[in-house]
Structure formats: C-alpha cells, structure tokens
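Chains as they are written, first to last, in our numbering: chain A, 1 to 115; chain B, 1001 to 1111.
Among these hints, one or two may not hold up.
[Stated by the list, open to error] Derived lysine to any residue pairs resembling SDA-like cross-links, with alpha carbons at most 20 Å apart: (1) B:1098 / A:50; (2) A:41 / B:1103; (3) A:36 / B:1064; (4) A:40 / B:1052; (5) A:41 / B:1017.
[Claimed, not checked] Here are the simulated distance ranges between beta carbons: (6) B:1008 / A:96: 29 to 39 Å; (7) B:1050 / A:59: 22 to 32 Å; (8) B:1095 / A:53: 17 to 27 Å; (9) A:52 / B:1017: 16 to 26 Å; (10) B:1008 / A:3: 31 to 41 Å; (11) B:1056 / A:3: 16 to 26 Å; (12) B:1016 / A:61: 22 to 32 Å.
[Said to hold, decoys possible] Just some of the chain B residues that point at chain A, by a computed CB distance under 7 Å: (13) 1025; (14) 1030; (15) 1031; (16) 1042; (17) 1045; (18) 1082.
These are calculated hints, taken from the structure and not from any lab test. Computed from a predicted structure; not experimentally measured. For each residue, glycine too, the CB sits at the ideal point set by N, CA and C.
Spelled out from the first residue to the last, the chains are:
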Amino acid sequence: ETGVTQTPRHLVMGMTNKKSLKCEQHLGHNAMYWYKQSAKKPLELMFVYNFKEQTENNSVPSRFSPECPNSSHLFLHLHTLQPEDSALYLCASSQDGASSTDTQYFGPGTRLTVL
Amino acid sequence: SQQGEEDPQALSIQEGENATMNCSYKTSINNLQWYRQNSGRGLVHLILIRSNEREKHSGRLRVTLDTSKKSSSLLITASRAADTASYFCAFGMEYGNKLVFGAGTILRVKS
C-alpha cells in the first residue's frame, strides 16, 4: 500500500445524483492531487492543492468541485455528471508540491460509472 | 499539446526477455519519471531522471534520457510475469510542480 486511500472504490451514479469521492493520505504530505484516467487516454491532472490552498485547476467543468479541509484529506464533489465523465479518478499526494521532482504517491482510485 | 507520446502502445514478451519502452516529449523539462500501474489500480513511482542526467539504474530498471532528441527509454531486464502492467512516462515541466503523463505502454510478460 502507498499510504493513500480512496473511497469508495467503485461508484455508479445517475446524471442527477450528487456524490463525493474521498481521499486520505497517511504520509504527512502537504500537496494533494486529483487526476482523471479515461480509457486509452493519458492521465489528466484536474486539481492541485498545496498546504490546503488550490494551486491548479486544469479547466475542469464546475460539475466537479474539490474540497481540501486539511493536508490529509481531499474530496471531489460530483453533481449533474455526464456519461463521458465515467473514468478512474485517482488521488495522489507529495511532500510539498513545490517541484515536479517530488515523488507522487497514488491511491488505488475510484472507478466511476455515470449512467 | 504538451502530452508525452509512448511507444509501443503494447508489448508482449516471454519471461526472461528484456522489455524496452520509449517516451518522447515536446517541451523543455526539469525531469522525467516512469510509473507503473497494475490493472485498475493506482500508479507506483519507479524512477526519476533529471534533465542533466543521461542514464540511471534501479535494480532491473535502466532509464536513459536524451534531451537533444527529447526522448527517454525504460529498459526492464530479465522480465518476470509480475512485471505485467502499464508503464507511463511523466515529465516534470521546467517550472512549477506539474507532471504531464504519456498514454502508456501495456506490457505483458508470458510465463
């Protein structure tokens, strides 16, 4: 295990539902990331938080809303999603996010299916 | 696009053989990293090579970086069935903390 946990591991939701993905890291890191991994596409960075402050929003639609209450927890709130949002959502953390040389530690992901 | 490109897209070899995967990129980088992903799981960091380095080793892994050609290769020697996974290169931009990932190479090692 990498020290990064994600819940739930699988989620099926309708387009009108509201749900949240949770990520927790037990590594004492200060930077946390959300990535989207769709089939046959490169991993896409969605959001970056550094010391609880959002430092990157990679033009993500507003139906995805991140929340970082502290350095150990990261949430991704979902509402009125589209079927094309179905993907594996990966959370990662790194020591302080100051440099890309910081190793990122990934959670196992949440497999999301939007019906 | 800043995305990296990897080839081959898929590679199937026999146990004991070597596996080579290649990655190319378009912009200036600070470093290049390789990650491994088992089916449906998170990525695991394998090795990082900085832009001023040409070669790096870690166990059965050998990474090379050619900044003039904007390319890198990952060599896995004496492959094992347990090496079956997807392998991704990721390059760190010259400034900031962003990593840009390639599309990955699916490696299958047959026993």
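task = Please name the hints from earlier in the document that this structure breaks, with their numbers sorted from lowest to highest.
result = 3, 4, 5, 9, 12, 13 and 18
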